[in-house]
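All chains, please: the whole structure from these sequences, using the hints.
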Amino acid sequence: KAGVTQTPRYLIKTRGQQVTLSCSPISGHRSVSWYQQTPGQGLQFLFEYFSETQRNKGNFPGRFSGRQFSNSRSEMNVSTLELGDSALYLCASSLIPDGEQFFGPGTRLTVL
Amino acid sequence: KQEVTQIPAALSVPEGENLVLNCSFTDSAIYNLQWFRQDPGKGLTSLLLIQSSQREQTSGRLNASLDKSSGRSTLYIAASQPGDSATYLCAVQETSGSRLTFGEGTQLTVNP
Chain A
2 KAGVTQTPRY
12 LIKTRGQQVT
22 LSCSPISGHR
32 SVSWYQQTPG
42 QGLQFLFEYF
52 SETQRNKGNF
62 PGRFSGRQFS
72 NSRSEMNVST
82 LELGDSALYL
92 CASSLIPDGE
102 QFFGPGTRLT
112 VL
Chain B
-14 KQEVTQIPAA
-4 LSVPEGENLV
6 LNCSFTDSAI
16 YNLQWFRQDP
26 GKGLTSLLLI
36 QSSQREQTSG
46 RLNASLDKSS
56 GRSTLYIAAS
66 QPGDSATYLC
76 AVQETSGSRL
86 TFGEGTQLTV
96 NP
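First to last, the sequence lines map onto chains A and B. By my numbering, the letter at position 8 of the first sequence is numbered 9, and the numbering carries on one by one without gaps. By my numbering, the letter at position 26 of the second sequence is numbered 11, and the numbering carries on one by one without gaps.
Don't take each hint at face value.
What follows is a set of in silico ranges between Cβ atoms, one per label pair, in the way DEER data are often shown [stated by the list, open to error]:
| no. | chain 1 | residue 1 | chain 2 | residue 2 | range |
| --- | --- | --- | --- | --- | --- |
| 1 | A | Thr15 | B | Gln66 | 36 to 46 angstroms |
| 2 | B | Pro(-1) | A | Gln19 | 44 to 54 angstroms |
| 3 | A | Asn72 | B | Pro(-7) | 39 to 49 angstroms |
One side of the interface only, derived from the structure: several residues of chain A facing chain B at Cβ under 7 angstroms [what the hints assert, rightly or not]:
| no. | residue |
| --- | --- |
| 4 | Gly29 |
| 5 | Ser32 |
| 6 | Ser34 |
| 7 | Leu44 |
| 8 | Asn57 |
| 9 | Asp99 |
| 10 | Glu101 |
| 11 | Phe104 |
No lab work stands behind these hints: they were computed from the structure. Positions of the beta carbon are idealized from the N, C-alpha and C atoms, including for glycine.
Written as structure tokens, this is what we have:
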């Protein structure tokens, strides 16, 4: 069974641009969550989707948004990029919202 | 607000040694607790999930225990190997939903 996949794996953007990251969960998983990982802040929760509905949102500015499609694939978008947005963005999926979480390899975003 | 602490922050041991990693959390009203490992620049690999009603879980050389009342969990690694070198992360799930609160991790180095 294929694991969680994330595309692209690496991205370089400049300040002010916007970016869209994609996550495909494990087949059959309907819950998708996003996390940001930085050396200074560690792993921080961004948002959670289940059956195309956002169930939970972390403490991030409105520049961070996401959505989930009917096939459970999810995208997150960051508008007006700032240098501090440079991070590893991780996506996790689970069969049900309170089930075991399985993470993808992440997207490394660098903002110049 | 839930806070998760992991001790020690870093650990270096010779191959073959048994070791214990510690995780503590401030709010005992958790739904479950999950241990992960992360290799440099990679995503998270799920090691063990302990439901709030369970006291421990075992997988191969790994054993994780949970004491909700005292807000503690330990990950025991038997007969450590160089391939166990990684950062180990503890995460708690507080309410029904996918949101995880992570500790800062323990960076483990097993020397041949």
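Verification of the hints:
1. Distance hint check for Thr15/A and Gln66/B: the Cβ-Cβ separation is about 43 angstroms, which falls inside the suggested range of 36 to 46 angstroms.
2. Between Pro(-1)/B and Gln19/A the CB atoms are about 49 angstroms apart, so this pair conforms to the stated range of 44 to 54 angstroms.
3. In this structure, Asn72/A and Pro(-7)/B meet the distance hint of 39 to 49 angstroms, their C-beta atoms being roughly 43 angstroms apart.
4. Taking 7 angstroms as the C-beta contact cut-off toward chain B, the hint placing Gly29/A at the interface is violated, the least distance being around 15 angstroms.
5. Against a cut-off of 7 angstroms between C-beta atoms, the interface hint on Ser32/A holds, since the closest Cβ of chain B lies about 5 angstroms away.
6. A cut of 7 angstroms between beta carbons decides the hint on Ser34/A: the least distance to chain B is about 4 angstroms, and the hint holds.
7. For Leu44/A, the interface hint holds, since its Cβ comes within 7 angstroms of a Cβ in chain B; the closest pair sits about 4 angstroms apart.
8. Because the beta carbon of Asn57/A sits about 5 angstroms from the nearest beta carbon in chain B, less than 7 angstroms, this interface hint is met.
9. Taking 7 angstroms as the C-beta cut-off, the interface hint given for Asp99/A holds, the closest approach to chain B being about 5 angstroms.
10. A hinted interface residue such as Glu101/A counts as satisfied when its beta carbon comes closer than 7 angstroms to some beta carbon of chain B; here the least separation is about 4 angstroms, so the hint holds.
11. Proximity of Phe104/A to chain B holds as hinted, the smallest CB-CB distance being about 4 angstroms (cut-off 7 angstroms).
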